[in-house]
Amino acid sequence: MSNLIRIATRKSPLALVQANRVKELIKKTTKDTRLN
Numbered sequence: 024m025s026n027l028i029r030i031a032t033r034k035s036p037l038a039l040v041q042a043n044r045v046k047e048l049i050k051k052t053t054k055d056t057r058l059n
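Under the numbering used here, the first residue of the sequence shown carries the number 24, and numbering increases by one thereafter.
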């Protein structure tokens, strides 16, 4: 997973921003599921 992100970021800095957004979304969803 991290390797894919590294390859993508070399091509475009926007990919890094998107990857960070995805990570934050995953963190939020995991927290929500833990609460439920």
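A couple of the hints might just be wrong.
[To be verified] Dumping the calculated DSBU-like pairs for lysine-lysine here, alpha-carbon to alpha-carbon at most 30 angstroms:
| id | residue 1 | residue 2 |
| --- | --- | --- |
| 1 | Lys34 | Lys46 |
| 2 | Lys51 | Lys34 |
| 3 | Lys34 | Lys50 |
Derived by calculation from the structure, the hints in this document are not laboratory data.
Unsatisfied constraints (hint numbers, rising): Those not satisfied: there are none.
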